[in-house]
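Engineer: Sequence:
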Amino acid sequence: MSVRVRIAPSPTGYLHVGNARAALFNWLFARHEGGTFILRIDDTDVARSDPEFERDILDGLRWLGLDWDEGVGVGGPHGSYRQSDRFDRYRQVAEDLVATGRAYLDDRSPEELDELRRRAQKEGKHPGFYIRRPDREATSGVIRFSVPQDAPVTFDDVVRGEMTFSPEVVDDFVILRSDGTPTYHLASTVDDVDYEISHVVRGEDLLSSTPKHILLARAMGAVPATYAHLPLLFGPDGKKLSKRHGDTALRSYREAGYLPEAMFNYLALLGWSLDAETTIFSRQAAVEAFELSSVSKNPAIFDRDKLDWMNGEYIRTRLTTDEFAARARPFLERGLTRGLTADEWARFCEVAALVQERVKVLSEVVDQVRFLFEDEIGYDERSWSKVMKPGAEQVLEEAARRLEAVDPWDSESIEAALRAMLADLEVGARKGLQPIRVAVTGSSVSPPLFESLAALGRDRTLARLQEARRRLASGSDDTLR
RNA sequence: GGCCCCGUCGUCCAGCGGUCUAGGACGCCGGCCUUUCAAGCCGGUAACGCGGGUUCGAAUCCCGUCGGGGCUACCA
Numbered sequence: 115m116s117v118r119v120r121i122a123p124s125p126t127g128y129l130h131v132g133n134a135r136a137a138l139f140n141w142l143f144a145r146h147e148g149g150t151f152i153l154r155i156d157d158t159d160v161a162r163s164d165p166e167f168e169r170d171i172l173d174g175l176r177w178l179g180l181d182w183d184e185g186v187g188v189g190g191p192h193g194s195y196r197q198s199d200r201f202d203r204y205r206q207v208a209e210d211l212v213a214t215g216r217a218y219l220d221d222r223s224p225e226e227l228d229e230l231r232r233r234a235q236k237e238g239k240h241p242g243f244y245i246r247r248p249d250r251e252a253t254s255g256v257i258r259f260s261v262p263q264d265a266p267v268t269f270d271d272v273v274r275g276e277m278t279f280s281p282e283v284v285d286d287f288v289i290l291r292s293d294g295t296p297t298y299h300l301a302s303t304v305d306d307v308d309y310e311i312s313h314v315v316r317g318e319d320l321l322s323s324t325p326k327h328i329l330l331a332r333a334m335g336a337v338p339a340t341y342a343h344l345p346l347l348f349g350p351d352g353k354k355l356s357k358r359h360g361d362t363a364l365r366s367y368r369e370a371g372y373l374p375e376a377m378f379n380y381l382a383l384l385g386w387s388l389d390a391e392t393t394i395f396s397r398q399a400a401v402e403a404f405e406l407s408s409v410s411k412n413p414a415i416f417d418r419d420k421l422d423w424m425n426g427e428y429i430r431t432r433l434t435t436d437e438f439a440a441r442a443r444p445f446l447e448r449g450l451t452r453g454l455t456a457d458e459w460a461r462f463c464e465v466a467a468l469v470q471e472r473v474k475v476l477s478e479v480v481d482q483v484r485f486l487f488e489d490e491i492g493y494d495e496r497s498w499s500k501v502m503k504p505g506a507e508q509v510l511e512e513a514a515r516r517l518e519a520v521d522p523w524d525s526e527s528i529e530a531a532l533r534a535m536l537a538d539l540e541v542g543a544r545k546g547l548q549p550i551r552v553a554v555t556g557s558s559v560s561p562p563l564f565e566s567l568a569a570l571g572r573d574r575t576l577a578r579l580q581e582a583r584r585r586l587a588s589g590s591d592d593t594l595r
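So the first sequence is residues 115 to 595, counted in my numbering.
Check each hint, because a few of them may be wrong.
Under the rule of at most 27 Å between Cα atoms (straight-line distance), these lysine-lysine pairs were calculated in the BS3-like manner [what the hints assert, rightly or not]:
hint, residue 1, residue 2
1, Lys545, Lys503
2, Lys354, Lys411
3, Lys353, Lys420
4, Lys357, Lys420
5, Lys411, Lys357
6, Lys411, Lys353
7, Lys545, Lys500
8, Lys420, Lys354
Rather than coming from a laboratory, the hints here were simulated on the basis of the structure.
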């Protein structure tokens with residue numbers, strides 16, 4: 115039997131990293147098995163669904179490199195892959211189930227239902243214990259699936275092993291709302307059956323719903339899919355990853371300048387490993403090694419620190435300097451809130467290699483090179499007070515004098531001139547170079563000095579040394595930032 | 001409350017009865033390198049929740065316990 119898996123996000127929010135990971139595992143499984151990866155949009159919640167979210171989901175999956183073979187955006191042999199287009203089909207299934215006695219119309223009020231739940235709770239039973247087919251016949255209301263009470267539901271979960279649920283804890287769940295729209299359980303299961311999904315690979319939060327899906331599929335006369343429940347993703351507090359934890363939208367990582375390759379690699383490691391040693395691996399290597407059955411059962415905490423490290427690793431070892439510069443450019447221009455001129459772009463490219471090994475995310479680039487593009491740099495107060503000690507004035511003056519004469523204006527000549535100055539003044543590199551760094555870049559932290567000056571250009575360098583000296587002389591703090 | 005899942009360093013992952021004085025990665029700490037910051041290199045810190053079994057032998061199997069989590073809607 116060929117493998118057909120799907121990811122079925124509901125467009126009620128931006129693509130969540132948890133869903134992205136579920137998509138990733140489905141994709142890995144499909145690619146490893148030579149199967150089919152399907153994208154379906156579960157928009158049965160018409161009120162909360164929004165096309166913007168659907169677009170975000172598609173963009174996010176593409177960004178991660180998870181291409182799908184069938185589904186929204188690419189089509190396929192099953193017609194629409196959007197559930198809102200299939201409401202008639204779901205309604206038909208629900209009605210058929212009623213006709214064959216496997217489901218029933220229920221017009222009990224919320225109050226009556228609540229009462230039944232309370233009673234069950236009080237008796238220490240499952241809340242749905244008393245919510246079964248009532249004696250009276252209804253002619254309107256919701257349609258509930260009638261859970262057969264004669265046998266437990268057993269299935270073999272690929273990651274968790276054999277699961278058994280006794281029928282009294284599976285409630286007679288609603289499959290069709292009173293307004294005629296299907297619930298998730300119905301729509302999802304009908305689609306899994308209709309689209310011949312072989313494996314349902316999803317989050318563990320749906321583990322307890324699985325008996326419902328199996329029962330429904332069987333009632334439709336189908337063989338239920340094989341199920342595999344992935345461990346959940348937690349925030350640092352050990353709770354299911356949610357908005358409270360900050361960035362749960364994949365797009366925010368994309369916008370912060372994480373590389374899709376790094377994100378892919380990191381996500382793959384949450385609940386799976388290629389082997390005992392390997393941390394960094396390619397998509398291809400992951401596809402080759404992936405086994406659904408070796409997915410971990412433990413929930414995983416999303417660790418931003420490790421992601422940051424990994425992204426830095428990808429930036430500095432998997433990207434050529436040209437690639438880095440090109441990928442950094444949009445982030446740089448956004449940070450600067452303007453486009454770069456050809457001259458400025460060249461200036462950036464001069465120091466790109468040095469910046470490349472210093473950033474963890476692309477959005478940090480602008481902080482490293484802002485001094486190259488903005489004249490009003492201001493001075494970081496702490497940096498200033500740390501280096502502008504007695505003797506700094508002399509260093510700045512001397513540096514200016516010597517830099518004026520440097521020819522050609524490149525990092526080698528600049529370094530030679532400044533090192534000669536250090537020797538003549540008999541000051542160490544730390545003491546002699548830091549004031550220059552702060553004067554020119556505004557901060558005691560910057561890319562290497564000589565290359566920075568070379569990229570900045572002689573005129574700007576001299577002007578900044580001049581400005582720093584003026585400020586030093588006046589004792590003014592008007593340029594502090 | 002009911003049902004279900006999970007339990008190895010702070011975090012992620014390895015370990016599938018002996019090779020474990022428990023391995024890798026992030027983080028953290030220290031050192032080296034060094035014009036700052038990074039990076040790099042070297043070294044270190046740190047875990048089998050607890051209690052019973054089973055077994056010649058358990059991180060690995062079983063039971064209990066404790067802890068964490070999920071579900072419990074006319075959301076998905």
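Engineer: Tell me if the straight-line CA distance from Lys420 to Lys354 falls inside 27 Å.
Structural biologist: holds (19 Å)
Engineer: Compare the distance between the alpha carbons of Lys411 and Lys357 with 27 Å, and conclude whether the hinted pair is satisfied.
Structural biologist: holds (24 Å)
Engineer: Need the status of pair Lys353, Lys420: alpha-carbon distance at most 27 Å?
Structural biologist: Satisfied, since the Cα-Cα distance of roughly 19 Å is no more than 27 Å.
Engineer: Hint check: Lys545 vs Lys500, CA-CA at most 27 Å. Holds or violated?
Structural biologist: Since the Cα atoms of Lys545 and Lys500 sit roughly 10 Å apart, the hinted pair holds (cutoff 27 Å).
Engineer: For Lys357 and Lys420, compute the direct alpha-carbon distance and say whether it is at most 27 Å.
Structural biologist: Holds: Lys357 and Lys420 sit about 20 Å apart, inside 27 Å.
Engineer: Below or equal to 27 Å on CA atoms is what counts here, so check Lys411 against Lys353.
Structural biologist: Holds. Lys411 to Lys353 sits at ~16 Å (cutoff 27 Å).
Engineer: Holds or violated: Lys354 with Lys411, Cα cutoff 27 Å?
Structural biologist: This hinted pair holds, its Cα atoms lying about 15 Å apart.
Engineer: CA of Lys545 to CA of Lys503, is that 27 Å or under?
Structural biologist: The given pair, whose Cα atoms are some 9 Å apart, holds under the 27 Å limit.
The earlier numbered hints are all upheld by this structure, with none contradicted.
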